[in-house]
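A.B. asks: If you want the building blocks of each chain, they are given just below.
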Amino acid sequence: MGEVIVITSGKGGVGKTTTTANLGTGLAALGNKVVLIDTDIGLRNLDVVMGLENRIVYDLVDVTQGHCRLRQALIKDKRFDGLFLLPAAQTKDKTAVSTDDMKKLCNELKEEFDYVLVDCPAGIEQGFKNAIAGAERALIVTTPEVSAVRDADRIVGLLEANGLRGPKLIINRIRPDMVKRGDMMNIEDMLDILAIELMGVVPEDEYIVVSTNKGEPAVLDMNSRAGQAYRNIAKRVTGEVVSLINLEYDEGLLNKLKRLLGL
Amino acid sequence: MEPVIFKGNREGVVVQLNSNLSFEELCTKIEAKIKSVDSFLGNNTEVIINSGSVVFNDGQAQKLKGLFNSMGLCIKKFVPEVNQQRVEVNDMSIPEIIEDENHFLSQGSTLMVRRNLRSGQTIFHEGTVIIFGDVNPGAEIIALGHILVLGNLRGIAHAGARGDTRAVVFASRLLPTQLRIADFITRAPDGEILVPSEPEIARIKNGMVVIEKYLQK
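Chains as they are written, first to last, in the working numbering: chain A, 1 to 263; chain B, 1 to 217.
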C-alpha cells in the first residue's frame, strides 16, 4: 500500500510542478514505483517538464468520466520503468473533476504504487480541493518571499481544516548569498512563521530553467545543486535521515567562493 | 441544613455558617446556638468563621466580632476573608483590569484556542479570547473583550469590538499588522520594524492606543 502526497503552495510560480517532477523522478531513481498526477486541469505543465507531452492520449478527466481505463491514461516515463504520469486535461476546467473522483482515483493508484504524487494547481479553489482530497501527506513549496510565505501559511491552515495534519515545507529558490547579505528572508524567519517541519531547501539554480525546457528533471544531473537538493528530499520522503540545509548552505557558499577564486 | 454548626479541626473551633438567611437572622441563630453549647466552650475561645460562599463586608464582620465577644468568644479569622473595599487606582495597572470580575462578566465567556491561527483564519467571540499559539499575518481575531496571545501576534487583533475602550491586547510578541481597540485603529510605523523582546500589552490611555511592556520594572 503506497502513500498519496500532495505538492501544493497556494501561490503560483514557486515551483510546485518542478518539485513534483524532480521528487517523482528522484523517488523512481531510488527504485520506487511512482505515479505523478497533474491536477492543474486547463493549464497542464507537468507533462512538459517531464518531457512526455507528445505521448498523451487520455487524461485525468477521461479516467474520471469513464472514457478510458486508468491503465490506458498512465504514461510510462522515458527514463524509469517505475515512473508514470497521469496528465491533466487541457481543454476542460477544474470543475470537470470532483473530490470524490479524486479520492477514488488516489485509493486505486496507491494499491499499485509506492508513491502517488499529486501536483496541485495554484489557488485555493476547486483545483486545490481536488488535489488534496485523496492525499495523506502534504509538501508545501514556498520561496523566500513574503507573499509566498503568506500563501503557504493560508494553505497550512486549509490543510488542517481538511484533516491533513503535519505538512512539511520545501523552501525553493533560496539564494544563500542574498540571505547572507540580509536581502532575502532566511530559513529561520520562514520556519518561525509557518511553524511546520522542514523537508528540504532547494537553492536557486539556473540549470532548472534548462532542464525544464529540455524536459529532463534536474534531479538526474549530478552537477546541479538544485538536483542534489531534490535527491536529498526524495531520500527524506522515503524516511531516510539526510542532514539538512546547513550543509547545502555552506556548500553553496563555498562553491560560489571557489568559482570566484578558481575560475 | 443547620444554619450554624460548631466543628473542631486542627486549626481550632470552626463555626460553619450554611445559610441563605439574611445577616440579621443569621445573628439571632448564632446567638441561640452559642447559648445552647455554652458549657462546652471556655471563656475567650478562639473560633474561625467559615461562611462558605458568603463573603462578609467590613461592617458585618465588625458586628459578628461584637456578637461573639459578648458571648465570651473571640473570632480568630474569617474564611473566606472579609471583602476589603477595592482601592481605586488611578493608573490602572494591568492585573487590576483583568481581575475586575464584573468587567469580565459583562464581556461574556472566555474562548481558549490551542493552535496557531494562520492566514485567512478568523475568530469572532463575544468575550475574551486567549490564543495558545501564534497569530500569523492574514489572520484576524475580533473579540468583544480582551485578546491575549501567548505567542506571536502578527495578524490583526480587534479587542473591545463593540466599543469597549477598557479592552486590552496582550501578546508575548506584539507585532500586529494592525491593532484595533474599540474604535481606535493603529499600525506599526513605516520603516524599520522593531521586534519586541518581551511581552507587551496595548490599551487605550487618554484617547490613544498605548503599547507598554507587560512586566513593569
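No wet-lab data here; the hints were simulated from the structure.
Incorrect hints may appear among the rest.
[Stated by the list, open to error] Part of the chain B face toward chain A, derived, beta carbon under 8 Å:
1) N116
2) R118
3) S119
4) G120
5) Q121
6) P137
7) G138
8) E140
[Stated by the list, open to error] Derived CB-CB ranges, DEER-like:
9) B/S197 <-> A/E125: 37 to 45 Å
10) A/G166 <-> B/V54: 48 to 56 Å
11) A/D100 <-> B/R115: 26 to 34 Å
12) A/G163 <-> B/G133: 14 to 22 Å
13) B/R114 <-> A/N213: 27 to 35 Å
14) B/P199 <-> A/V242: 20 to 28 Å
15) B/S197 <-> A/Q65: 53 to 61 Å
16) A/K104 <-> B/P199: 45 to 53 Å
Don't be surprised by glycine CBs; every beta carbon is placed ideally from N, CA and C.
A.B. asks: Run the structure past the numbered hints and jot down the numbers of the failing ones, going up.
C.D. replies: Going through the list in order, the structure violates hints 8, 13 and 14 and respects the others.
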